[in-house]
Amino acid sequence: MTTLREQQDRAAARYQHRAPERAETERKQEATGTLVVDDPDQIEARAERLLGDAVGTRAVRQAGRHEGVLERIIAENDLQPSLFLGRGTAIAESVGRISLPGGGAGTGFLVGRRLLLTNNHVLPDAATAGGSFVEFDFELGPDGRPEAPAAFDLDPDTLFLTDADIDASLVAVAPRSGVVAGDRYGWNRLLKQQGKIVIGEAANVIGHPSGRRKEIAVRHNRLLDQLPDFLHYEADTEPGNSGSPVFNDQWEVVALHHSGVPRTNDAGQWLAVDGRVWDRSMGDAAVDWVANEGARISVVLTRLRALARTPAQTALLDELGAEALMGAAPTETWRTARETTGRAGLPGVPGTPPHLVFLHGRSQQGKDPAVSRVDWAGGLARGLGGVGHPPVDPARVWFPYYGDLLAGLADASAVERMAAAQAAGTVAEQVAPAGTSARATYAELIEDAAARAGFHPTATAREGIGDLLAGLQPALSWLANRSRLDDVVIAAVFRDVALYLDDDQVRRQVLDTVLATFPTSGPVTLVSHSLGTIVALDLLTRVPPAVEVRLLVTAGSPLGMDTVTKRLLSGGPRRPAVGRWVNAWCPADAVAIGCPLAPSWGGGVEDVQTDNATDRAHAITEYLADLRVASAIGGTV
1 MTTLREQQDR
11 AAARYQHRAP
21 ERAETERKQE
31 ATGTLVVDDP
41 DQIEARAERL
51 LGDAVGTRAV
61 RQAGRHEGVL
71 ERIIAENDLQ
81 PSLFLGRGTA
91 IAESVGRISL
101 PGGGAGTGFL
111 VGRRLLLTNN
121 HVLPDAATAG
131 GSFVEFDFEL
141 GPDGRPEAPA
151 AFDLDPDTLF
161 LTDADIDASL
171 VAVAPRSGVV
181 AGDRYGWNRL
191 LKQQGKIVIG
201 EAANVIGHPS
211 GRRKEIAVRH
221 NRLLDQLPDF
231 LHYEADTEPG
241 NSGSPVFNDQ
251 WEVVALHHSG
261 VPRTNDAGQW
271 LAVDGRVWDR
281 SMGDAAVDWV
291 ANEGARISVV
301 LTRLRALART
311 PAQTALLDEL
321 GAEALMGAAP
331 TETWRTARET
341 TGRAGLPGVP
351 GTPPHLVFLH
361 GRSQQGKDPA
371 VSRVDWAGGL
381 ARGLGGVGHP
391 PVDPARVWFP
401 YYGDLLAGLA
411 DASAVERMAA
421 AQAAGTVAEQ
431 VAPAGTSARA
441 TYAELIEDAA
451 ARAGFHPTAT
461 AREGIGDLLA
471 GLQPALSWLA
481 NRSRLDDVVI
491 AAVFRDVALY
501 LDDDQVRRQV
511 LDTVLATFPT
521 SGPVTLVSHS
531 LGTIVALDLL
541 TRVPPAVEVR
551 LLVTAGSPLG
561 MDTVTKRLLS
571 GGPRRPAVGR
581 WVNAWCPADA
591 VAIGCPLAPS
601 WGGGVEDVQT
611 DNATDRAHAI
621 TEYLADLRVA
631 SAIGGTV
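In this text, residue positions in the sequence shown follow full-length UniProt numbering: the first is 1, and each later residue adds one.
Just so you know, not all the hints are guaranteed correct.
Derived SDA-like pairs: lysine to any residue, alpha-carbon spacing no greater than 25 Å straight-line [claimed, not checked]:
no. : residue 1 : residue 2
1   : K566      : D512
2   : K566      : T541
3   : K367      : L405
4   : K28       : G403
5   : K28       : L227
6   : K367      : Q509
7   : K566      : A395
8   : K28       : R219
9   : K367      : D615
10  : K566      : D615
11  : K367      : R309
Just so you know, these hints were derived from the structure itself, not from any lab.
Build out the structure end to end from the sequences listed, making use of the hints.
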């Protein structure tokens with residue numbers, strides 16, 4: 001066990017010892033006109049990582065133009081793509097405030113579904129961890145008002161590993177009301193490999209300084225020096241930041257923050273900002289803090305991994321992922337595991353990666369399935385990149401296609417006819433399916449969705465199916481105004497849903513078509529969208545016995561509406577036989593009315609609320625780009 005003061009003294013000694021190296025760095029920065037002046041091997045590794053592969057850097061080397069070129073790839077630039085903010089917001093959800101027994105606070109962050117990383121001086125032993133809890137959402141919301149925090153107890157009996165020298169503790173987090181912390185708030189995919197940051201790049205810190213609501217340091221924060229076990233960087237931090245994650249600009253964890261670095265004299269005494277020798281009576285604010293120090297995440301991973309003693313502990317550490325435990329890209333990791341263990345998979349992960357199946361919704365008629373598959377894979381690649389996973393090769397994705405079949409059965413030309421004859425009746429009437437039964441289901445769907453969105457009709461008495469459909473227009477317009485989707489699109493979606501649910505022949509033909517292009521055995525990750533989520537739930541009652549669906553993802557789904565669930569082949573909201581179920585929904589998505597699903601489906605579904613672009617609220621590519629959704633998929637494939 002080490003105290004914060006002891007860690008600060010050690011950090012100050014290391015910082016003072018490295019004065020000659022920092023002076024040389026500053027000389028190179030001035031001579032070259034760039035802050036990026038790290039070791040050439042570090043710069044090369046960093047450039048390769050930013051480029052996504054080694055091709056670009058190999059070309060630079062072979063052309064003899066290495067000097068200065070790679071530095072310019074990484075060169076400091078405060079301009080960032082807009083997704084920088086979105087990714088940062090999503091990542092910040094995994095950071096929580098640790099409340100300690102008897103008072104005091106620190107910061108911790110999720111690195112697995114049930115794993116929290118912080119400092120040894122925050123949680124020095126299992127007894128302290130057992131009396132502590134972590135609060136997520138302890139922050140201000142978008143409107144500037146405090147969010148309601150959610151407290152999770154720590155569970156050191158399941159796992160507690162700590163290393164005082166590197167100042168790191170890893171502890172399990174107990175579920176709260178059946179909810180696993182990582183399933184609700186996501187977690188950081190740690191990377192053991194090099195190339196995550198070089199001297200001169202930004203080092204962003206998220207934490208709870210002095211126990212306050214969550215804050216972020218993203219300005220005037222540069223990596224100053226790399227030591228074998230630690231990093232030194234500029235950033236505004238306070239004691240409550242102990243245990244904060246330190247990120248690069250791609251929101252990859254590069255270090256575990258543990259200490260500010262005070263300026264000292266030759267005798268090792270701390271100095272105040274006015275140059276006097278500091279003493280405790282002056283307070284921490286009077287200290288002349290010159291830098292910050294964090295333990296390199298690759299070193300933290302190595303140290304903590306070595307402390308695992310039992311098979312249960314080792315199995316739980318598998319949640320950290322292959323890139324944390326083995327330090328290789330996933331494709332390399334699978335190859336290494338086969339060569340060294342003779343098994344087709346990672347240690348602790350049976351078999352080969354699951355088949356990845358994308359199951360589309362409506363409005364896919366006339367499209368090339370191969371192109372659609374690439375579009376889905378592209379959206380997923382955006383999210384996977386944000387959590388440190390490589391993209392999925394579209395060629396290995398299963399893409400059952402029933403778009404033309406459904407369009408033919410639904411008479412897709414009705415929408416085009418309606419667009420050319422806007423004056424002839426309402427959208428609700430013109431887009432309605434044929435057949436009294438299907439039209440009644442269609443009307444029930446729109447009314448159900450509008451009611452859940454807060455619509456209260458002024459008149460409830462209607463006579464005849466024609467009057468019923470005419471009376472639906474206000475409800476349809478309400479949904480359109482709430483979601484900013486065109487009422488034609490919303491009406492067409494519910495028409496096709498009604499057709500599928502009400503017509504047994506349509507349902508059978510769609511399911512038969514999907515099963516014709518679906519794995520017949522082995523593990524499966526099934527990702528579905530819109531109407532495809534309804535098809536997926538029905539499909540799970542018919543898949544071959546040799547198929548094991550380890551992960552089901554539903555996105556933009558209407559499965560929260562009673563009108564839908566009572567017509568499923570399962571006969572109601574009964575959790576399917578899948579290993580894990582993640583449901584992604586956006587409040588602006590008019591099709592996802594009835595979400596989140598947990599209130600009606602129970603605790604077996606993990607709801608993820610996304611922040612899709614308003615004009616693409618229902619787009620599958622927006623859902624797949626969400627870091628939490630991508631992380632769930634990336635963890636299986």
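These are the hints, each one checked on the structure:
no.: 1; hint: K566 with D512; in the structure: holds (22 Å)
no.: 2; hint: K566 with T541; in the structure: holds (15 Å)
no.: 3; hint: K367 with L405; in the structure: holds (12 Å)
no.: 4; hint: K28 with G403; in the structure: violated (60 Å)
no.: 5; hint: K28 with L227; in the structure: holds (18 Å)
no.: 6; hint: K367 with Q509; in the structure: holds (19 Å)
no.: 7; hint: K566 with A395; in the structure: violated (37 Å)
no.: 8; hint: K28 with R219; in the structure: holds (23 Å)
no.: 9; hint: K367 with D615; in the structure: holds (21 Å)
no.: 10; hint: K566 with D615; in the structure: violated (31 Å)
no.: 11; hint: K367 with R309; in the structure: violated (54 Å)
In this structure, the earlier hints numbered 4, 7, 10, 11 are contradicted, and the remaining ones agree with it.
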